[in-house]
Amino acid sequence: MSTAARFSIEYLQYLGPDGRLVREDLPAFAQDRDTLVGLYKAMAFTRVFDEKSVKLQRTGKLGTYASCLGHEAAHIGIGSAMRTEDVFAPMYREYGAQFLRGVKPREVLLYWGGDERGSDFSGPKHDYAWCVPIATQCLHAAGAALAFKLRNESRVAVSVVGDGGTSKTDFYAAINSAGAYGLPMVAVIVNNQWAISVPRRMQTGAQTLAQKGIAAGLACLQVDGNDVIAVRAGMDIALERARSGGGGTVIEAVTYRLSDHTTADDARRYRDEAEVKEAWAKEPLSRLRSYLTGLGWWSEAEEATWKTESEARVDAEIEAYLAVPPPPVEAMFDSMYAELPADLAAQRARAIAREAR
Amino acid sequence: MSTAARFSIEYLQYLGPDGRLVREDLPAFAQDRDTLVGLYKAMAFTRVFDEKSVKLQRTGKLGTYASCLGHEAAHIGIGSAMRTEDVFAPMYREYGAQFLRGVKPREVLLYWGGDERGSDFSGPKHDYAWCVPIATQCLHAAGAALAFKLRNESRVAVSVVGDGGTSKTDFYAAINSAGAYGLPMVAVIVNNQWAISVPRRMQTGAQTLAQKGIAAGLACLQVDGNDVIAVRAGMDIALERARSGGGGTVIEAVTYRLSDHTTADDARRYRDEAEVKEAWAKEPLSRLRSYLTGLGWWSEAEEATWKTESEARVDAEIEAYLAVPPPPVEAMFDSMYAELPADLAAQRARAIAREAR
Amino acid sequence: MAAITLIEALTQAMAWELKHDPSVLILGEDVGVNGGVFRATAGLQQIFGPERVLDTPLDETTIAGLSVGLATQGMRPIAEAQFDGFVYPMLDHLICHAARMRNRTRGRLTCPLVLRVPWGGGIRAPEHHSEANEALFTNVPGLRVVMPSSPQRAYGLLLAAIRDPDPVIFYEPKRIYRQYKEEVPDDGEALPLDVCYVLRDGSDVTLVSWGAQVKETLEAAEALAAEGISAEVIDVATLKPLDFDSIAESVGKTGRCVIVHEAPYTAGFGAEIAARLAEQSMYDLLAPVERVTGYDTHIPLFRLEMKYLPSVARIVAAAKRTLQAS
Amino acid sequence: MAAITLIEALTQAMAWELKHDPSVLILGEDVGVNGGVFRATAGLQQIFGPERVLDTPLDETTIAGLSVGLATQGMRPIAEAQFDGFVYPMLDHLICHAARMRNRTRGRLTCPLVLRVPWGGGIRAPEHHSEANEALFTNVPGLRVVMPSSPQRAYGLLLAAIRDPDPVIFYEPKRIYRQYKEEVPDDGEALPLDVCYVLRDGSDVTLVSWGAQVKETLEAAEALAAEGISAEVIDVATLKPLDFDSIAESVGKTGRCVIVHEAPYTAGFGAEIAARLAEQSMYDLLAPVERVTGYDTHIPLFRLEMKYLPSVARIVAAAKRTLQAS
Ligand SMILES: Cc1ncc(C[n+]2csc(CCOP(=O)(O)OP(=O)(O)O)c2C)c(N)n1
Ligand SMILES: Cc1ncc(C[n+]2csc(CCOP(=O)(O)OP(=O)(O)O)c2C)c(N)n1
Ligand SMILES: [Mg+2]
Ligand SMILES: [Mg+2]
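Protein chains in written order, with the working numbering: chain A, 1 to 357; chain B, 1 to 357; chain C, 1 to 326; chain D, 1 to 326.
These are computed hints drawn from the structure, not numbers from a lab. Treat each hint with caution, since some may be false.
[Stated by the list, open to error] In silico EDC-like pairs for lysine to aspartate or glutamate, Cα to Cα no more than 20 Å straight-line:
1. D/19 to D/222
2. A/149 to C/204
3. B/61 to C/305
4. A/41 to A/330
5. C/307 to B/265
6. B/149 to D/189
7. D/19 to D/201
8. C/253 to D/164
9. C/307 to C/219
10. B/104 to B/272
11. C/307 to B/272
12. D/320 to D/164
13. A/61 to A/303
14. B/55 to B/309
15. B/41 to B/25
16. D/320 to D/245
17. D/253 to C/279
18. D/307 to A/355
19. A/149 to C/21
20. A/61 to D/164
21. A/41 to A/25
22. B/61 to B/330
23. D/320 to C/51
24. B/149 to B/51
25. C/253 to C/305
26. A/41 to A/317
27. D/307 to A/330
28. A/55 to A/309
29. B/149 to D/164
30. D/307 to A/343
31. C/307 to B/334
32. B/282 to B/272
33. A/52 to A/355
34. C/307 to B/85
35. C/320 to D/279
36. D/307 to A/300
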């Protein structure tokens, strides 16, 4: 037989789990102290936020909440590489990326607290809100990228899905569109090994998730999703490719969900504690901390200060969240259409009257 | 960077467009005169059927009809490789494959003639009917394959989609399921270069359509879809793999739609006559005829006889089709549920009464 | 000004908006060079270029999802579903996103898209090409559902749909795409999206319909007139939000109502109109409401399909029943 | 025999059928080791093995399409949609194939599948987890739509749904999954799929409901009784095909009807019941029909959701309006 086509999937990693470099050719941003410390701080802040949010849920002051524990390198790597004018189409746990784009912690809490106003957030007005129907956001990103291409704008749309989300047909539709139209899009897969109780291996027969991009003719890359340098470097390559007209990329960031799926889940029902323990040894914060400490760019004192500062900031955000009064009953109606149809106006009036009783 | 995975897509062809062998290692079936002549006859019969069906439509005696002109090698290659107990999930133009499975030409005509009874055909009772919603049949094949696997049956489900159909999310869902569960399934793509007016290159950025299987972790193969030996050989490999527990295969059969999309279409609006002319030079019948003639396995006399015979058979089928009286009005109701609900029984009675008036 | 068909009026409306609003674009399967399988977009890619009229990969999920992405980022996509039977894979994006985007984000993101859906039976088409599935969308908050039944209304309502800041499902009765011609000034004048159209005044019975059945309904009114029965005919045209007041006003006058639609009987949109009559017009009704609809079966393949569709005779008979009642 | 909750009754029904019919299997996201996010399939994979209780890849199109494939090849799949808001990608296979397979092939292929859908709001869940979208299916010929509202009916109706030779959409009111317990004999006795259930006899007004609202409706009847008003309560339970006769009979007696449902008002399934009353029970009605429903808005996130759902007070007020009328 002759060969019609050949492909390979590259893997990118800079920092090993022990915080040592596995390769020396660091990208420029990773040689810059402020940048790297900034990435670390963002990751550490996100972890503090996450821990406090889970606690808040446990005390009944928040609805179901999806933790991002263990995903910090992936999320910060994504968020730090993007520009404000780019469009972000998240799933639901990428708070780290969103904070870098201006979304406030109180807004995240408001959303999980059952209040639509959380989605009218302080991040870029064009960013998508959290997306519950798995992987549908990928097609919105593709549509956004198509708008950018048609309008000749130098902007990129970035979507995130999970390992589970790569099975969802919308993911395929999105990457296939990106390939068909040559769209400025980066489709990131945050492979945290689990989709609620379903392990990665049961989602697909594919060896890597990055190779899903081959079906769409996209560039594909697998990165260590616990190594923020690798994630950021992969994003930089993909964003640059997209911005310069080179089309879309699928990036698989390999990480691990250290928490339950959400606060409504109990992962002990379906997964081995030993596996989780093993995953802790590869988690993203400690490796970057070791590396920074080794370089003398970070110290225990700075760590303590940053922790205190982060906690105070998060506590203030929680206060702000808790202080938001519930929306009035008419809030249900007021954003349904640009102009309230007559029918609905009558229903609105009745709802208000019922409240008055 | 290190390499996480590598893939290649092989291409299979035995007979060149000129009817000469491009490789010598012919599979056993292709060294057998009867088998090869049988494949040729089936292809030639199908072409006669197709031509007469198009004519029938032009005279108003058939509804919209989808021609299979140019696809004969692909369809006969598929149909001849399958066993009766396998399940076939066709799209809408694979009559050649269906004839080999026992479906009668009159049944095909009845279907396109607007009569549901055509789908209650003489082929295997477990085969699917023609499927209009593009690519959805692929998931039915996957479900059938799952049933076979769960019941430990040595059967394979074979689906067919077009080049356009590979963009449809159901196709991806089907191959991903086949990979995830290790299903005995063969997903054939009959790439005829056009999806109505949309050319293959606009469907996807992928270099080959066979590589779509990489996203699912399936075996992938591209074959010359105008070479019945290659199609049949590829099918044999894939069916054997599936039957022996080796899982699914995606086969892309590269061919060309020599006709309009359907009789409702006018391809001159969107495609170059020159392209069609070029494609005629590679069409499947003539190359096999040259090859057989060269071997002395087929002659002009045999050709003429077979043509006459085929025409007579098709004419008889057309007669039989035209003789089927229209269904009575209650046919609308009688297969809706296993037992007619009371509501519907009343509607049925009213419909019959209206007829009586 | 030459008279044009309903489908030509649609083309004319799209051409107007493509010309006057640079954010408008068309996408769908075969809408480009081929001009759509029904020729609704014929010539538009040639005039406005492949960046305004885009062929898509063959996937309805893709068409709907891209449209949501485009609409939320400042474009005004007009998406085409090739046939009514292919809208189902679009529902997730339409229901979960298009219809919800404004409410979800308190108005931060909006979704001004139009989905054009050639609708209904009676054209001797294959399976899945003849569905009347408008009821699918009518229980979904946040959408508008529109269906014209004449060239003039096709033009004015499609313009309005494209300009509307919210998502609109725009059904097109394909059986009457080319049934007759009408003068349709190409003046860019849109029609309102929240009123029913009274096509014929009458005093004895109100006939309510939409889409292709408006034809049979008007013919039924004619036949009734010949027998001295005066039927008022209303084309609902804008199903959601529903202008029930116009219907109630008419029934207030006639006391009788026959609702005609092609979709299956049970839970077709006719149910909503009959229900509102039972709630709001009970004291006006002189006779039970009648629904003349498709049966609760799939529309059959074409050998039987005309026996499935509501006929003039069935409408006339139902109207007479309302007059014989009580 | 210990009393069990509605969700335990569902588990019990599935266990019974898995045990007695080797062609039955369960598939869905997280239905295996995890026993489903609501625990409806808890323990079943452990007992019956991974070949009878299968986790699927995360794709609803896949779940629906595989189920059609399985059902047409001799299996009896029970598919789970994790939440009501995730059924949309399943509609294409359900509407175009499951509902049509028998009719398309004149009975050669059939599609005995069940889709279980945890349904409705009121559990403080995130967006898309609280939808009441049963109306989606009620205009689709070839389907059955069922919704139990008690542990006993959950058991008997689910058994019937699994055994039915045609596709059944089985909605489960998740708000009352664990609301109360009832003795449910594990005797494999199915209930009929084509009757409404009269839960309380009454003579002044008929209250019609289904799913979770049956609770509020019964409470309203209680409240009305305290005021000397006798309300009959009907749990529709089998929405499609609809047993309208039972409803008509009750309204024939009471002359008044209040329909209660959680779905949005316009074109909710309540419309069909009100419409049939307008057609078939006009002369029995002493007062306009009333519908107590969700608003024509999306069910809000949970800070407001209880203001969206029909309340006992709203039902009582509507019932009283029917009594004050004329
Ligand atoms: C269409 C759809 N189906 C099911 C769900 C329920 N659900 C929420 S999260 C989840 C698993 C997602 O797994 P993955 O994509 O790997 O992302 P992760 O949560 O692990 O980050 C499921 C099944 C959903 N939200 N949307
Ligand atoms: C879901 C769906 N969308 C659109 C159509 C209309 N349609 C019928 S055939 C076709 C093109 C199919 O092209 P391809 O898959 O390449 O198969 P081919 O007809 O070329 O054999 C289209 C768009 C359809 N049948 N189903
Ligand atoms: Mg995951
Ligand atoms: Mg093709």
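We went through each hint and held it up to the structure:
1. D/19 to D/222: 41 Å, violated
2. A/149 to C/204: Status violated; Cα separation ~58 Å.
3. B/61 to C/305: 16 Å, holds
4. A/41 to A/330: 41 Å, violated
5. C/307 to B/265: At roughly 27 Å apart (the allowed maximum being 20 Å), residue 265 of chain B and residue 307 of chain C break the hint.
6. B/149 to D/189: 31 Å, violated
7. D/19 to D/201: 38 Å, violated
8. C/253 to D/164: 48 Å, violated
9. C/307 to C/219: Status holds; Cα separation ~17 Å.
10. B/104 to B/272: 35 Å, violated
11. C/307 to B/272: Not OK: residue 307 of chain C and residue 272 of chain B at ~42 Å, beyond 20 Å, violated.
12. D/320 to D/164: Given that 20 Å is the threshold and the Cα spacing comes to 40 Å, the pair is violated.
13. A/61 to A/303: Judged against 20 Å, a Cα distance of about 29 Å means the pair is violated.
14. B/55 to B/309: Within the cut-off at roughly 18 Å; holds.
15. B/41 to B/25: Not satisfied, since the Cα-Cα distance of roughly 23 Å exceeds 20 Å.
16. D/320 to D/245: 24 Å, violated
17. D/253 to C/279: Given that 20 Å is the threshold and the Cα spacing comes to 19 Å, the pair holds.
18. D/307 to A/355: 9 Å, holds
19. A/149 to C/21: This hinted pair holds, its Cα atoms lying about 18 Å apart.
20. A/61 to D/164: Judged against 20 Å, a Cα distance of about 45 Å means the pair is violated.
21. A/41 to A/25: 23 Å, violated
22. B/61 to B/330: Distance ~23 Å between residue 61 of chain B and residue 330 of chain B Cα, so the pair is violated.
23. D/320 to C/51: 60 Å, violated
24. B/149 to B/51: Given that 20 Å is the threshold and the Cα spacing comes to 40 Å, the pair is violated.
25. C/253 to C/305: Violated. Residue 253 of chain C to residue 305 of chain C sits at ~35 Å, over the 20 Å cutoff.
26. A/41 to A/317: 17 Å, holds
27. D/307 to A/330: Cα-Cα ~10 Å, so holds.
28. A/55 to A/309: 18 Å, holds
29. B/149 to D/164: Since the Cα atoms of residue 149 of chain B and residue 164 of chain D sit roughly 24 Å apart, the hinted pair is violated (cutoff 20 Å).
30. D/307 to A/343: 18 Å, holds
31. C/307 to B/334: With a Cα-Cα distance of about 15 Å, the restraint between residue 307 of chain C and residue 334 of chain B holds, given a limit of 20 Å.
32. B/282 to B/272: 16 Å, holds
33. A/52 to A/355: 34 Å, violated
34. C/307 to B/85: 38 Å, violated
35. C/320 to D/279: Measuring from Cα to Cα gives roughly 14 Å; hence the hint holds.
36. D/307 to A/300: Violated, at roughly 51 Å.
Checked against the numbered hints given earlier, the structure breaks hints 1, 2, 4, 5, 6, 7, 8, 10, 11, 12, 13, 15, 16, 20, 21, 22, 23, 24, 25, 29, 33, 34 and 36 and satisfies all the rest.
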